[in-house]
Amino acid sequence: MTATDVRPGPVAAAVAKAPHPRRRLRFLPAVLFLVLLAAAWQLMATLLDFVLVPGVPAIVTEMVDIVSDGSFLDQLGITVLRVGLGFALAFVVAVVVGIAMGRNEFARRFFEPAVLLGLTIPGLVWALLCVIWFGIDLVNPVAAVALSSAPALMLQIYQGTRSVDPDLLEMAHVYRFSRRVTLRKLWLPALAPSLFAGARLGLSLGWKVIVLVEVFGMSSGVGYQLNNAFAAQNVAAVLAWTLLFAIVMAILEYGILQGLEKRVSRWRKAVSV
Amino acid sequence: MRLEGIGKTFVDARSGTPQQVLADFSLTVEPGELVAVVGASGTGKTTLLHVVAGLVQPDTGTVETGDPRLGIVFQQPRLLDWLSVRENITLACHDGAKADEVLAAVGLTEYAGSYPTVLSGGQRQRVAVARAFAVEPDLLLLDEPFSALDELTARKLRLLLQDLWMQRPRTGLLVTHNPLEAALLADRVIVLAGRPARIAAEYRVDRERPRSAEDPHLFELHSQIVAAL
Ligand SMILES: Nc1ncnc2c1ncn2[C@@H]1O[C@H](COP(=O)(O)OP(=O)(O)O)[C@@H](O)[C@H]1O
Ligand SMILES: [Mg+2]
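Order-wise, the sequence lines are chains A and B.
Here the working numbering is used: the first residue of the first sequence is 1, the next is one more, and so on.
Here the working numbering is used: the first residue of the second sequence is 1, the next is one more, and so on.
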């Protein structure tokens with residue numbers, strides 16, 4: 001993850017300044033894939049001509065309905081709040097535990113079994129247990145998200161801490177950097193790649209488990225709506241909810257998380273697509 | 001700065017065998033003096049410097065430095081790659097004007113706003129030198145500051161170091177494996193050899209600054225140091 005030896009030439013600057021045509025081209029393969037997928041699906045639906053395999057227009061109509069009657073934003077808001085709270089909890093705990101593990105041998109040995117155990121327990125198990133223990137309380141989804149994403153986060157941050165250059169810490173010590181400066185200017189930037197990788201991983205785990213929790217034990221949220229659609233055998237609605245959810249996740253991932261990461265790691269200049 | 005009876009033993013992480021790098025080692029550097037420590041690699045020069053800097057705790061002995069403001073140039077530049085060159089310096093010296101001044105002195109004014117990653121190795125090491133001088137150190141520690149550079153760049157930086165030193169003489173310890181560098185820059189050269197390391201030879205360099213690398217007197221001294229190594 002170190003890019004200290006990456007030396008950008010004039011090319012990097014040129015790419016950064018290059019206007020839209022290139023950028024549009026960059027998305028072309030992805031768009032092509034989606035168009036082909038939709039076409040293939042439509043072909044299959046037409047050939048099968050079966051009520052449980054709705055065509056593309058039916059799915060799109062369903063999506064438009066869900067969005068335009070306002071239920072999507074409401075339900076999405078509820079789900080995002082649950083994921084957000086659970087993820088924030090996991091993140092804070094993981095930063096503390098992960099750094100402790102990286103800096104202290106006892107802490108590492110102490111938390112290692114918890115991390116390994118946590119990594120192997122399926123999100124489904126956490127979802128079931130939390131539904132049983134906490135019922136329809138807000139604690140339920142928050143705990144399930146936190147429990148299922150924290151181990152992966154801890155591992156990421158622990159490994160990031162280990163990779164912080166001890167030479168730089170020595171330098172900071174000799175030049176008497178204050179604790180605050182050392183944290184802000186050395187630790188955080190050095191940990192940034194692992195923090196982002198951890199955030200990405202933790203969020204994706206959180207999304208998966210929240211839908212399960214909402215299917216089993218909640219009376220609101222995207223998972224609950226999915227379950228309703230499923231019970232009514234409305235396949236178009238199941239697909240519509242899933243697609244909308246996936247779009248929002250993609251926006252979060254590519255629009256927000258990646259944009260933030262690019263800003264933070266501008267100095268790297270290594271172009272990541 | 002005084003070292004008195006310093007002892008340091010490292011235990012090899014793999015084999016578990018202890019090796020005594022320093023034993024009962026003493027050295028005094030007078031105020032205003034620049035002392036060069038010359039020795040083959042692995043003799044314990046870096047260890048010695050780190051003891052002085054407080055980065056390594058000696059097993060025995062005392063270090064009297066009077067808690068000086070330290071300026072240090074490591075073998076590698078050790079810059080924060082995510083901060084601009086200028087900010088790398090201001091973080092150490094808390095003084096933007098000072099940072100600009102030292103950057104001008106090392107000829108890197110135009111790179112003040114750049115990230116260190118766009119600089120060449122020699123330029124990065126110049127930033128490290130600038131940072132060391134920016135803090136107005138009472139004690140300047142240099143650990144083979146130019147050994148990772150090509151000879152041409154190293155030669156330029158040695159003369160630059162001499163210039164900076166002449167502007168503001170202070171107390172300094174220069175570790176190097178290059179005898180000519182030691183003779184060119186130092187007031188006194190000590191040769192370190194053996195395990196545990198001891199002072200095998202000691203030379204005074206009574207030449208006015210600025211000195212030139214072509215000075216025959218320095219070259220002769222260089223030959224003596226090589227012989228002692
Ligand atoms: N942290 C350490 N742990 C174990 N051995 C070390 C450590 N630091 C230095 N040494 C050993 O001490 C000896 C002297 O090292 P060093 O002071 O770096 O030598 P020099 O700078 O003269 O090349 C070497 O044999 C090295 O392996
Ligand atoms: Mg060394």
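Calculated directly from the structure, the hints in this document are not laboratory data.
Source: prediction; values computed, not measured.
Each residue gets a CB set at the ideal place from its N, CA and C atoms; glycine is no exception.
Check the hints yourself; a few may be wrong.
[To be verified] Label-pair ranges, simulated between beta-carbon atoms:
#1 Leu169(A) / Ala228(B): 52 to 60 Å
#2 Ala97(B) / Asp74(A): 42 to 50 Å
#3 Ile251(A) / Ala104(B): 45 to 53 Å
#4 Thr109(B) / Gly255(A): 36 to 44 Å
#5 Ala104(B) / Arg26(A): 53 to 61 Å
#6 Pro166(A) / Arg204(B): 35 to 43 Å
#7 Ile256(A) / Gly7(B): 16 to 24 Å
#8 Leu159(B) / Ala88(A): 40 to 48 Å
[Claimed, not checked] Short, incomplete list of chain B residues facing chain A, as computed with Cβ under 10 Å:
#9 Val11
#10 Asp81
#11 Leu83
#12 Arg131
We went through each hint and held it up to the structure:
1. Leu169(A) / Ala228(B): 52 to 60 Å: violated, 36 Å
2. Ala97(B) / Asp74(A): 42 to 50 Å: Cβ of Ala97(B) to Cβ of Asp74(A): about 57 Å, so the range 42 to 50 Å is violated.
3. Ile251(A) / Ala104(B): 45 to 53 Å: With Cβ atoms ~47 Å apart, the hint holds.
4. Thr109(B) / Gly255(A): 36 to 44 Å: holds, 39 Å
5. Ala104(B) / Arg26(A): 53 to 61 Å: violated, 42 Å
6. Pro166(A) / Arg204(B): 35 to 43 Å: holds, 37 Å
7. Ile256(A) / Gly7(B): 16 to 24 Å: violated, 56 Å
8. Leu159(B) / Ala88(A): 40 to 48 Å: violated, 56 Å
9. Val11: violated, 16 Å
10. Asp81: At about 5 Å, which falls below the 10 Å cut-off, the nearest Cβ of chain A leaves the hint on Asp81(B) intact, so it holds.
11. Leu83: Holds - the Cβ of Leu83(B) comes within 10 Å of chain A, reaching about 7 Å at its closest.
12. Arg131: Since chain A brings a Cβ to about 8 Å from Arg131(B), closer than 10 Å, the hint holds.
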